[in-house]
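First to last, the protein sequences are chains A and B.
Mapped onto my numbering, the consecutive letters of the first sequence carry residue numbers 8 to 329.
Mapped onto my numbering, the consecutive letters of the second sequence carry residue numbers 8 to 329.
Source of the hints: derived by calculation from the structure; they are not laboratory data.
Any given hint could turn out to be false.
[Unchecked claim] What follows is a list of derived Cβ distance ranges for each label pair:
{"#": "1", "chain 1": "A", "residue 1": "R205", "chain 2": "B", "residue 2": "P83", "range": "54 to 60 Å"}
{"#": "2", "chain 1": "A", "residue 1": "E323", "chain 2": "B", "residue 2": "Q301", "range": "19 to 25 Å"}
{"#": "3", "chain 1": "B", "residue 1": "P83", "chain 2": "A", "residue 2": "E252", "range": "26 to 32 Å"}
{"#": "4", "chain 1": "A", "residue 1": "S300", "chain 2": "B", "residue 2": "V312", "range": "26 to 32 Å"}
[Unchecked claim] In silico lysine-lysine, BS3-like type, Cα no more than 27 Å apart, as pairs:
{"#": "5", "chain 1": "A", "residue 1": "K49", "chain 2": "A", "residue 2": "K270"}
{"#": "6", "chain 1": "B", "residue 1": "K270", "chain 2": "A", "residue 2": "K49"}
{"#": "7", "chain 1": "B", "residue 1": "K326", "chain 2": "A", "residue 2": "K283"}
{"#": "8", "chain 1": "A", "residue 1": "K326", "chain 2": "B", "residue 2": "K326"}
{"#": "9", "chain 1": "B", "residue 1": "K270", "chain 2": "A", "residue 2": "K326"}
{"#": "10", "chain 1": "B", "residue 1": "K326", "chain 2": "B", "residue 2": "K49"}
{"#": "11", "chain 1": "A", "residue 1": "K326", "chain 2": "A", "residue 2": "K49"}
{"#": "12", "chain 1": "B", "residue 1": "K84", "chain 2": "A", "residue 2": "K326"}
{"#": "13", "chain 1": "B", "residue 1": "K283", "chain 2": "B", "residue 2": "K270"}
{"#": "14", "chain 1": "B", "residue 1": "K326", "chain 2": "B", "residue 2": "K84"}
{"#": "15", "chain 1": "B", "residue 1": "K326", "chain 2": "B", "residue 2": "K270"}
{"#": "16", "chain 1": "A", "residue 1": "K270", "chain 2": "A", "residue 2": "K84"}
[Claimed, not checked] A short list of chain B residues far from chain A (calculated; beta carbon distances all over 12 Å):
{"#": "17", "residue": "G42"}
{"#": "18", "residue": "R75"}
{"#": "19", "residue": "G117"}
{"#": "20", "residue": "G179"}
{"#": "21", "residue": "N210"}
{"#": "22", "residue": "R213"}
{"#": "23", "residue": "A287"}
{"#": "24", "residue": "T320"}
Remember, it's a predicted structure, so these values are computed and weren't measured experimentally.
All C-beta atoms in this analysis are idealised placements derived from N, C-alpha and C, irrespective of residue type, glycine included.
Spelled out from the first residue to the last, the chains are:
There are 2 protein chains.
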Amino acid sequence: MDLTQSVLAGDRLALARLLTQVENDSAVGRAAVDGLFPATGKAHVVGITGSPGTGKSSLVNHLTRSFRRPEDQRPPKTVAIVAVDPSSPFSGGALLGDRVRMRDLSGDRGVFIRSMASRGALGGLSRSTAAVVNVLDAAGFELILVETVGAGQSEVDIARLAHTTIVVEAPGMGDEIQAIKAGILETADILVVNKADRPGAENTERSLRLMIEMGHPAHSTRVAQPTPQGTWLPPVLRCVSTSGEGVESIAQAIVDHGDYLQKSGLWRQREYERLKTTLAILVQEALIARWRSQVSEDQIEEWVVRLCERSATPYEVVKALI
Amino acid sequence: MDLTQSVLAGDRLALARLLTQVENDSAVGRAAVDGLFPATGKAHVVGITGSPGTGKSSLVNHLTRSFRRPEDQRPPKTVAIVAVDPSSPFSGGALLGDRVRMRDLSGDRGVFIRSMASRGALGGLSRSTAAVVNVLDAAGFELILVETVGAGQSEVDIARLAHTTIVVEAPGMGDEIQAIKAGILETADILVVNKADRPGAENTERSLRLMIEMGHPAHSTRVAQPTPQGTWLPPVLRCVSTSGEGVESIAQAIVDHGDYLQKSGLWRQREYERLKTTLAILVQEALIARWRSQVSEDQIEEWVVRLCERSATPYEVVKALI
């Protein structure tokens, strides 16, 4: 049985091995992602983003527990967690969060956890995250939680992979945050004020509500899209992720948003956009690979030297090289 | 006189106009960047990065003032500030910081300030930042300070544009920071503990020193490269950017690092790598543009629909399309 079949059969060790191949972008990994593609398209992909220190990891832990052992009528779901750390491109190391989590959720076969670090390639992280998400989808996980650290371009790129995007804020992170978050907020389907037991939580909640109102609907294409099934106005939910208080409502909001996307037809639309982006990236890579096979490293280096000497301009070099 | 010539002649209005063309990636903008290329390669490019709330903007203000009116023997330098906000890809808006700054430094023809927001394209921000930096270099600014907000992939990409990278930390930003910053720290040539008058500053300084030691030299290719001229060990400098305390030593460290790069030959090496990256991006764009002109939007959409239906796999589609 090859790796792909083992993954489809539910073999965890095979899954972990395959994900390593995918992260390394090996030929085996690429072929497997392609082979598994027909089995994808069933998972609900949820992106969780926010500044460092907002408590995303413990929120993701509690959410996972809530989806595994719901307190209310919701049926349990299998959960895969992808923790992405875009700030470690050089070390290739990932946060230790997965170990801590492992202890907490270990022994549950309905949970799978994977940490990823960027390998430094331009846009490489979004591509490999997309591939990892697809493999987990094919492996049958119903809910895929993609957790990203930071507040930059990579988070936005990763948000594009998700059906539902959650932005986590916490009180007292400095006022600069408010200005910075404007762009990220526009991608949010659900807003969370974590550490809601701390001073300033009401202020944070108020500014988030204000920002949503400001962004509604003229400034944004994703927030509050009116559909025949009505409009989704991103809820602002409070929680204390260390104790788990408020996490149930967030889990419910995720389910509600999934239902909303399905009923409104937006799910299919996001799926279309997602696959179009994936295709664009693959075409780009294929074009570069083909070009690479036609040009030698020596040739490229010669031209870079001429650029260094300013004896040729970049466009002259491009013209000569392709 | 065309835009390019006006920029070379020191026309500020022409410079601002050209930068807009460059940001919009227009044909005029592209041609101008290429036309100005032979005039580039003189500026010292300094990247300033760090989490939100660490006070980067006021540090950049004080640094600019210090370079314009040095307290010691250093000759004054002309300064261009590029403030990059990678988290606003949807709004296209930039931080208001430039207005505040303008008031402070206005009237000085030796200072030019530009705010940039991402336009949402994968890697687009690094490309347009590189182009803007080149134009400012050609326009004759001796020092270019590129300030980025956040802690993600885009910051690292932008760090690659810089000769000297400064990472700014502040006390009391939560312990998660320490883990996250490991990757960013490896890019740092100078480390700054801002808000050094606040409690916890000593702790922050201590952990930074510890991380440098840990990263030296086996874990990193950039930190502490031994050369015939010796080794650069990233200094950890304290400052209070609201009052300007400690800013002079940071300005001096920037000058020292520039001298070190020149003497050790690393300046040329970084220049080579920078131009190689630029070339790779341009080749990539040219290949895609050529492909785009050969394939219709209808064809692409047809294939994306087949992907949505799972009746073709991504690689089958790529094969069919190129």
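Regarding the pair K326/B and K84/B, is the alpha-carbon distance no greater than 27 Å?
54 Å, violated
Take the C-alpha atoms of K270/B and K326/A, compute the straight-line distance between them, and say whether it is at most 27 Å.
34 Å, violated
Against chain A, does A287/B hold up as non-interface, every C-beta pair farther apart than 12 Å?
Its Cβ does come within 12 Å of chain A, the nearest being 8 Å, so this is violated.
Whether G42/B stays farther than 12 Å from all C-beta atoms of chain A, as the label says:
7 Å, violated
Does K49/B lie within 27 Å of K326/B when you go C-alpha to C-alpha?
45 Å, violated
Does N210/B sit more than 12 Å from chain A, CB to CB?
With a cut-off of 12 Å, N210/B remains clear of chain A, as the shortest Cβ separation is near 15 Å.
Verify the proposed pairing of K270/A with K84/A, using a straight-line Cα cut of 27 Å.
It holds: about 20 Å lies between the C-alpha atoms, which stays within 27 Å.
Distal placement of R75/B relative to chain A, Cβ over 12 Å:
25 Å, holds
Consistency of the no-contact label for T320/B, given chain A and a CB cut of 12 Å
4 Å, violated
The hint says 26 to 32 Å between S300/A and V312/B; measuring C-beta to C-beta, is that right?
Holds, since S300/A and V312/B (Cβ atoms, about 31 Å apart) stay within the stated range.
Would you mind confirming whether the straight-line C-alpha gap from K326/A to K326/B stays at or under 27 Å?
25 Å, holds
For K270/B and K49/A, compute the direct alpha-carbon distance and say whether it is at most 27 Å.
58 Å, violated
Violated hints, in rising order: 1, 3, 6, 9, 10, 11, 12, 14, 15, 17, 20, 23, 24; the structure is consistent with all others.
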